[in-house]
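Undergrad: Heads up: the protein sequence lines correspond to chains A and B, in order. So in numbering that gives the first Met the number 0, spot 50 of the first sequence is number 49, and the numbers just go up one at a time. So in numbering that gives the first Met the number 0, spot 163 of the second sequence is number 162, and the numbers just go up one at a time.
Covered stretches of chain B, as calculated for chain A (at least 3 residues, CB under 8 Å):
hint: 1; segment: 9-19
hint: 2; segment: 26-34
hint: 3; segment: 108-117
Across the chosen pairs, the derived CB separations fall in these ranges:
hint: 4; chain 1: A; residue 1: Ser6; chain 2: B; residue 2: Tyr40; range: 38 to 44 Å
hint: 5; chain 1: A; residue 1: Ser6; chain 2: B; residue 2: His39; range: 45 to 51 Å
hint: 6; chain 1: A; residue 1: Ala65; chain 2: B; residue 2: Val69; range: 57 to 63 Å
hint: 7; chain 1: B; residue 1: Lys68; chain 2: A; residue 2: Asp9; range: 34 to 40 Å
hint: 8; chain 1: B; residue 1: Val69; chain 2: A; residue 2: Gly66; range: 58 to 64 Å
hint: 9; chain 1: A; residue 1: Val73; chain 2: B; residue 2: Tyr40; range: 44 to 50 Å
hint: 10; chain 1: B; residue 1: Thr155; chain 2: A; residue 2: Arg20; range: 18 to 24 Å
I should point out that these hints are in silico values taken from the structure, not numbers from a laboratory. Only a predicted model underlies this, so the values are computations on that prediction, with no experimental measurement involved. Backbone N, C-alpha and C define an ideal beta-carbon position, used for all residues, glycine too.
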Amino acid sequence: MKRPNESKSDQSELEFIASVRADLNRSAAALDENTLKALSHARRHALSHRRRPRTYWKFAGGMALAGLAALAVVRVYQPAPTTAQPATGMDDMELLSSNEELDLYQDFEFYYWLAANEHADS
Amino acid sequence: MERFLAEVERRAFRIALLATRNRDDALDLVQDAMLNLVQHYAERDAPEWPMLFHRILHNRIMDWHRRQKVRKALFGWLPRAADTDDVPDPIAEIAAPGDDAPAHWLEAGRRVEALDTALGALPARQRQAFLLRVWEGFDVAETAQVMVCSEGSVKTHYSRACAALRLALEGLWP
Numbered sequence: 000m001k002r003p004n005e006s007k008s009d010q011s012e013l014e015f016i017a018s019v020r021a022d023l024n025r026s027a028a029a030l031d032e033n034t035l036k037a038l039s040h041a042r043r044h045a046l047s048h049r050r051r052p053r054t055y056w057k058f059a060g061g062m063a064l065a066g067l068a069a070l071a072v073v074r075v076y077q078p079a080p081t082t083a084q085p086a087t088g089m090d091d092m093e094l095l096s097s098n099e100e101l102d103l104y105q106d107f108e109f110y111y112w113l114a115a116n117e118h119a120d121s
Numbered sequence: 000m001e002r003f004l005a006e007v008e009r010r011a012f013r014i015a016l017l018a019t020r021n022r023d024d025a026l027d028l029v030q031d032a033m034l035n036l037v038q039h040y041a042e043r044d045a046p047e048w049p050m051l052f053h054r055i056l057h058n059r060i061m062d063w064h065r066r067q068k069v070r071k072a073l074f075g076w077l078p079r080a081a082d083t084d085d086v087p088d089p090i091a092e093i094a095a096p097g098d099d100a101p102a103h104w105l106e107a108g109r110r111v112e113a114l115d116t117a118l119g120a121l122p123a124r125q126r127q128a129f130l131l132r133v134w135e136g137f138d139v140a141e142t143a144q145v146m147v148c149s150e151g152s153v154k155t156h157y158s159r160a161c162a163a164l165r166l167a168l169e170g171l172w173p
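Produce the entire structure from the sequences given, and follow the hints as far as they go.
TA: Listed below in structure tokens is the structure:
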């Protein structure tokens, strides 16, 4: 437990430190114009020498992405398999988006339906 | 980084000026410290910059003191033409209040002058410990890292600095 004298001493020191800090701040705030300009110049000079971040990580990352993109393109444009496959929604989209007359495909729709039902029966 | 440097540059200059008592040397030391921080430590986290900057600055100040010692040892016997010009009054760097300034400004100016004199008279390590603790707000551990010494040494330097300053400034402060 602190004695009263020690508490007074601590308080006195705190006040002293606070006063010193205030006067130091005052002295920094009151620097002359030439010194402030020189400091500003020093700051700009230092910042102009900032090294650029290493770019090789960016380059490596970019190459990896390019490789993945190339792989995706190869997979998408692979030749279609020769075995007959059931009609899918994508096939319908192709038909609907084509400019050819749809009458020709009406029979095809029937044959698709027939093929699908034959599979179900078997 | 720019914001940090703009915020710290005035205090850094005052710290360097208190150590060197020479405006041009102080500016060189501050610029050197800024350059070193930007070139080598800009990629570190921002909270590390204050301690890194002050460590660099204080290393530069200690290097300056060592060079001055060597210089004095080698050339101290040579007469210097304008000795007083090399040690300008640091208070001259502070914009002087006008003749019609209120009394409290004049009193504050006298206190700052007395404070500068008292701080300049301290041994370098005591002054470092005091300014880092009181002005930069570093705790004991952080100050020890900046000064590259033990926490016990920081406490010793700091308490001795406080005692010397209170004695020198008796009557001006509480």
